[in-house]
Amino acid sequence: MKVAYWETKGKINMVDRKIPDLKPGEVMVRVTSSGLCGTDLHICHGETPHASPQVTIGHEFAGYVESIHPETKTTLTTGQLVSIDPNCPCHACTFCRNKKYHLCPNLSCIGVSVNGGMAKYVAVPASAAYAVPSTVGPELASLAEPLSCVIHAVDMGSIKSGDNVLIMGAGPIGLMTLGLCSTGGASVTMVEPSEMRRGKAKEFGAAKAIHPDELKLGDPCMGWGYDVVFECVGRPETMGTAVNCAKAGGTVVWVGVAKPDVTIPVSPFDVYRRELTIKSTYTNPFGMERAVKILGEGKVNWKALISHTFTLDEFDKAWEVFTSGTGLKVCVRPSLD
Numbered sequence: 001m002k003v004a005y006w007e008t009k010g011k012i013n014m015v016d017r018k019i020p021d022l023k024p025g026e027v028m029v030r031v032t033s034s035g036l037c038g039t040d041l042h043i044c045h046g047e048t049p050h051a052s053p054q055v056t057i058g059h060e061f062a063g064y065v066e067s068i069h070p071e072t073k074t075t076l077t078t079g080q081l082v083s084i085d086p087n088c089p090c091h092a093c094t095f096c097r098n099k100k101y102h103l104c105p106n107l108s109c110i111g112v113s114v115n116g117g118m119a120k121y122v123a124v125p126a127s128a129a130y131a132v133p134s135t136v137g138p139e140l141a142s143l144a145e146p147l148s149c150v151i152h153a154v155d156m157g158s159i160k161s162g163d164n165v166l167i168m169g170a171g172p173i174g175l176m177t178l179g180l181c182s183t184g185g186a187s188v189t190m191v192e193p194s195e196m197r198r199g200k201a202k203e204f205g206a207a208k209a210i211h212p213d214e215l216k217l218g219d220p221c222m223g224w225g226y227d228v229v230f231e232c233v234g235r236p237e238t239m240g241t242a243v244n245c246a247k248a249g250g251t252v253v254w255v256g257v258a259k260p261d262v263t264i265p266v267s268p269f270d271v272y273r274r275e276l277t278i279k280s281t282y283t284n285p286f287g288m289e290r291a292v293k294i295l296g297e298g299k300v301n302w303k304a305l306i307s308h309t310f311t312l313d314e315f316d317k318a319w320e321v322f323t324s325g326t327g328l329k330v331c332v333r334p335s336l337d
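The sequence shown runs 1 to 337 under the UniProt record's numbering.
Since the hints were made in silico from the structure, they are not lab data. In this text, all values refer to a predicted model and were calculated from it rather than measured experimentally. Glycine included, each C-beta is placed from N, C-alpha and C at the ideal position. Among the hints, a few may not be true.
Claimed, not checked - Beta-carbon label-pair distances, calculated as ranges:
# : residue 1 : residue 2 : range
1 : S158      : P20       : 40 to 50 Å
2 : P49       : G162      : 37 to 47 Å
3 : P260      : T74       : 28 to 38 Å
4 : Y272      : A304      : 16 to 26 Å
5 : T74       : T8        : 33 to 43 Å
6 : E314      : C93       : 35 to 45 Å
7 : P260      : C93       : 15 to 25 Å
8 : G25       : E314      : 26 to 36 Å
Using the sequences and the hints, build the whole thing.
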């Protein structure tokens, strides 16, 4: 079968690989939709320290259970549509035993450190597969993983009804953050240079959607600023600006993934004087079941995030659109429904 494979820095190649063998505890998934993500770009450029040097990418995916190993204990059935949690902890370290499995030092990640879903078939632990409601189709189901990460981010922000929230970056993650915050009663301002993405932000419930040049900083100690700021870009300049935009007593949540060698200047006195809380988010602890439920409820038109769909044979075109930044979520369909 054809797979999208990373083995050369700066390039993802289409190569032939055999269908994987099932092991006890696993199910075989026929992948129907696999989303491209900024993490895939980091992998491609060798900027993900825990990525395998040779791996089939694809960590945001969904598909149908094709087969189940005879020794696998699961309530799943063949033909069932499932969303996949790519993060597989060891369940034995101190973090796993204290319900912080996303911090597991032995964490493996499907599509990052082990072969992923940018292929027609992939073998996954049965515990990683979440059955989706009948109201959720195959493409929508592939959004469960990024949505689960955003659920964790919004939890970290501790949003309250009536909060003034600033979100920096209206990519898929920023728009998902907006969808959850706006339905939770917050008044959200989106900062985004792309006119197309600012328009999409208004569709997702932003009270304001402004260009970065329109963001005028005031005095946070005199009441100016935002209760919660989500940085969803991963660039040092926006991470620094996020800190400057939080009002005294506010919270900053860094959601975007920066390059490993990036640093930013932060004034410890300023953080002290304004009594800021600065948090980061890493992956999606206990978020997949909630994400699947939220997708099924349909309170937000999440499918509007998917701007382009390609077959696996068209992967090069999909990658070109994805890296150009002209779309939003780009999905690849290794197999049809």
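So, going through the hints one by one against the coordinates:
| no. | hint | verdict |
| --- | --- | --- |
| 1 | S158 - P20: 40 to 50 Å | 41 Å, holds |
| 2 | P49 - G162: 37 to 47 Å | 40 Å, holds |
| 3 | P260 - T74: 28 to 38 Å | 37 Å, holds |
| 4 | Y272 - A304: 16 to 26 Å | 42 Å, violated |
| 5 | T74 - T8: 33 to 43 Å | 37 Å, holds |
| 6 | E314 - C93: 35 to 45 Å | 41 Å, holds |
| 7 | P260 - C93: 15 to 25 Å | 22 Å, holds |
| 8 | G25 - E314: 26 to 36 Å | 34 Å, holds |
Going through the hint list in order, the structure does not satisfy hint 4, though it satisfies all others.
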